[in-house]
Amino acid sequence: MEVQLAGILSQAAGGARCVECTGATIGELLQSLVLRYPEMQMHLDEGVAVAVNGEIYRDRRDQPIPINADVFLLPRIQGG
Amino acid sequence: MPYETDYTNQGFTKVGTRVNRPDGVDKVTGRAKYGADANAAGQLVGRVLRSPHAHALITKIDTSKAEKLPGVKAVLTGKDFPDLTGGNRGLMDILENCMARGRALYDGHAVAAVAAIDADTANKALKLIKVTYKQLPHVTDVDEAIKPGAPIIHDWVRTAGVTPAPTTASNVAQRSEFGHGDVDAGFAQADVIIEKSFKTEQTHQGYIEPHACLATLGPDGSGELWVTTQGHFTFRNVCASLLGLEVAKLKVTSSEIGGGFGGKTHVWTEPVALQLSRKANRPVKLVMSRDEVFRATGPTSSTSVDVKIGAKRNGKITAATAELRYQSGAFPGMWAMFGAMTSFACYDLKNVKSVGFDVLVNRPKVAAYRAPSAPMAAFAVESVVDMLAAELGMDAVDFRIKNAAKKGTKASYGPVYGPIGIGPTLDAVKNHPHMKRKLGKNQGRGVACGFWFNFGGQTCTDLNIGVDGSVNLTVGTVDVGGSRASLALIAAEELGIDYEQVRVTIGDTNSLGHNDTTEGSRGTFSSGMATIFAARNAVDVLKQRAAATWDIPVEQVIWEAGEARAKGRQNNNLPPLSLKEIAAKSPRTGGPIAGHNEVVADGAGVSFASHMCDVEVDPETGATKILRYTVVQDAGKAIHPDYVEGQFQGGAAQGIGWALNEEYIYGDDGRLQNAGFLDYRIPVCSDLPFIDTQILEIPNPNHPYGVRGVGETSIVPPLAAIGNAVSNAVGVRMTHVPMSPPRILNAIETAKE
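In order, the protein sequence lines correspond to chains A and B.
With the first letter of the first sequence counted as 1, position 9 gets the number 9 in my numbering; the numbers rise by one all the way through.
With the first letter of the second sequence counted as 1, position 574 gets the number 574 in my numbering; the numbers rise by one all the way through.
The set of hints was computed from the structure by calculation and includes no laboratory data.
Treat the hints with caution; some may be incorrect.
Unchecked claim - Keeping only pairs whose Cα atoms sit at most 20 Å apart, straight-line, the calculated SDA-like set for lysine to any residue is:
(1) B:K410 / A:R17
(2) B:K410 / A:N68
(3) B:K350 / A:A49
(4) B:K350 / A:Q4
(5) B:K407 / A:R17
(6) B:K410 / A:A49
(7) B:K350 / A:R17
(8) B:K567 / B:V541
(9) B:K410 / A:P66
(10) B:K410 / A:E2
(11) B:K410 / A:M1
(12) B:K407 / A:A69
(13) B:K407 / A:C18
(14) B:K410 / A:V34
(15) B:K251 / B:K407
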């Protein structure tokens with residue numbers, strides 16, 4: 001699947017705004033992303049969020065990703 | 001996940017009613033215990049010595065005289081905080097902010113601390129500590145800090161987000177870019193382009209209760225912390241990491257909270273109080289003064305923002321760009337990134353680009369403030385949107401409606417939106433009676449939109465039913481805005497009992513599994529979800545007990561209107577068993593009846609609001625009076641409408657203060673000039689009209705009741721709504737917040753020239 005990398009996260013993929021990855025769940029997707037781009041681990045440690053078809057998930061690693069889903073990796077949001 | 005989180009459109013009998021708050025009497029009678037209200041036998045008074053310089057090397061700290069003063073039990077400097085962070089830069093920043101390590105980075109930075117038998121002794125001890133400083137060049141303005149030759153705050157900072165990675169130090173900690181399409185091509189299609197620069201000054205959350213805690217930490221590494229906080233579990237984890245403690249051995253209890261708004265999501269003095277206690281082997285109470293709160297706890301960023309938007313004559317925006325520079329204080333932050341993400345989130349744009357620059361300066365570490373970073377970006381964008389509408393000769397609301405994001409819109413920060421509420425809020429604004437009020441001389445009206453993400457997170461809840469049928473619900477999200485009443489309503493709804501039968505307690509860190517901090521408008525959303533599931537868990541037990549009492553299979557038992565009912569003709573002779581009846585027999589039917597739930601409450605859903613505001617500006621003095629203010633926001637489902645309206649009103653009130661008066665004022669020496677409520681003016685009742693509200697209920701598909709967070713979005717539009725209103729009143733575009741009387745007069749005079 002295509003994963004869009006937002007903001008600072010693209011730096012970990014050499015500046016690419018969109019990368020190819022695999023994974024049936026958010027957890028598998030993130031694992032595959034780190035295997036391809038080890039520098040991504042630092043961002044995962046700091047926290048990221050994954051938007052699947054517009055719904056933003058911060059912590060649910062077991063969330064399934066449908067085929068042809070619109071997937072965005074976002075920096076983790078803080079609130080006040 | 002034991003239960004489905006999908007919205008079910010169920011009917012309600014309790015949810016949506018306006019019941020009395022359970023903590024009201026305690027709060028108005030003074031019985032409620034806040035951060036400074038706890039005491040322990042043998043407690044000491046903690047005090048912190050702070051840097052008077054904006055930037056200085058600490059060449060020597062002589063604590064010998066202070067240590068010899070009778071009554072002083074412990075003195076700390078940076079050397080008493082060994083680096084246990086394991087190379088985690090974020091943790092080290094927190095530690096260094098709690099206590100300087102060889103360099104004072106801002107006026108108010110902690111350099112030493114004492115614990116003594118009373119306040120007089122502690123204050124005398126602070127005066128006996130001799131700190132030798134070597135002053136360094138400083139910078140406090142966000143634009144000055146990025147100029148070549150500006151003093152570098154940290155020589156280890158390289159700008160992240162830039163490819164190839166820079167090799168030299170910079171005050172720009174991070175560059176973040178969002179957007180899609182081709183903005184150059186979009187601007188080429190535009191008939192009208194407006195480009196403008198804006199500034200906003202630094203503001204504090206302005207919570208009335210200063211930071212306060214009572215810390216006890218023994219030599220065995222076991223400790224307790226009573227503290228005013230938005231997240232006692234997070235405080236426990238951070239303090240344990242910084243001080244080398246086992247998480248389970250530090251029990252943190254949250255007090256009642258006198259306001260936080262993001263400022264109490266971060267630790268400031270708590271690790272210092274615990275370390276003082278460990279060194280003195282006695283409890284230490286540490287209460288900040290107002291001066292310390294202003295100088296040394298996190299305000300929001302001051303900003304400098306450039307916005308450019310182009311549109312066709314038909315009112316369709318063709319391209320939009322923003323460059324946002326946010327200062328994060330003396331430590332790296334991600335505040336400009338949030339500004340860049342939120343700046344154009346209200347609109348459906350084919351070509352959009354926003355770039356955020358997080359900038360280091362010699363000011364206190366910036367903290368979250370209610371929808372952090374979004375209000376400043378909205379001020380700039382919504383001002384240009386108004387200017388563009390005027391240039392096109394369109395009504396400002398119609399122009400927004402024409403360009404509003406909707407389901408299926410690709411958000412400017414990336415993903416595609418599901419069902420969202422920006423369109424309905426704008427439609428409500430257009431049809432609101434407020435918009436029909438006739439304006440008088442020197443009066444102006446402004447409208448603005450706002451966006452915030454909202455989120456859920458880790459949540460853990462316990463529900464226990466007493467033998468008399470009363471219910472104790474224990475949650476781990478601190479009640480910052482009335483969530484105990486809302487959660488009691490939810491428990492009563494699920495169990496089918498009276499609201500008054502439920503008592504909600506905020507559990508300490510030893511009572512429950514981890515709960516994320518109350519931030520991101522998550523309290524009622526996430527603990528509400530966990531409460532629904534915990535109550536349903538308890539209902540399962542109640543049904544089992546009824547089945548055992550009747551000696552029938554549990555599958556033949558249903559729960560309706562607060563009682564167990566036996567299904568089927570064969571059970572017609574079995575009268576229903578109420579919750580009270582089942583609870584009364586519980587000691588002999590299997591013991592206590594309880595429900596429990598732990599959940600990662602994702603799917604909070606994004607949030608939108610639209611505000612309208614009427615002002616009158618005195619052209620002689622530049623003073624602005626808010627004549628009328630209305631908030632329209634989507635709540636998904638308002639569990640307790642009073643508190644939803646209260647959140648709407650509170651955000652608007654804080655935004656009014658930010659827009660018109662509040663600002664950190666630094667002197668040329670880099671020292672804060674107005675660290676107190678006399679000179680830093682938050683709005684009081686006489687400054688505000690009644691703030692009208694309209695709740696929209698567009699259900700969140702990811703919550704059983706359809707709930708969306710409501711706590712933050714209401715502070716996003718006010719700077720822009722008031723900016724547009726003031727600009728319309730005086731006939732001059734206001735570009736600098738706060739729009740204080742001198743700034744308004746100056747803008748009027750400059751326009752005349």
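Here's how the hints hold up against the structure:
no.: 1; hint: B:K410 / A:R17; verdict: 15 Å, holds
no.: 2; hint: B:K410 / A:N68; verdict: 16 Å, holds
no.: 3; hint: B:K350 / A:A49; verdict: 24 Å, violated
no.: 4; hint: B:K350 / A:Q4; verdict: 17 Å, holds
no.: 5; hint: B:K407 / A:R17; verdict: 24 Å, violated
no.: 6; hint: B:K410 / A:A49; verdict: 17 Å, holds
no.: 7; hint: B:K350 / A:R17; verdict: 17 Å, holds
no.: 8; hint: B:K567 / B:V541; verdict: 17 Å, holds
no.: 9; hint: B:K410 / A:P66; verdict: 18 Å, holds
no.: 10; hint: B:K410 / A:E2; verdict: 16 Å, holds
no.: 11; hint: B:K410 / A:M1; verdict: 18 Å, holds
no.: 12; hint: B:K407 / A:A69; verdict: 16 Å, holds
no.: 13; hint: B:K407 / A:C18; verdict: 23 Å, violated
no.: 14; hint: B:K410 / A:V34; verdict: 26 Å, violated
no.: 15; hint: B:K251 / B:K407; verdict: 45 Å, violated
In summary, the numbered hints that this structure violates are 3, 5, 13, 14 and 15.
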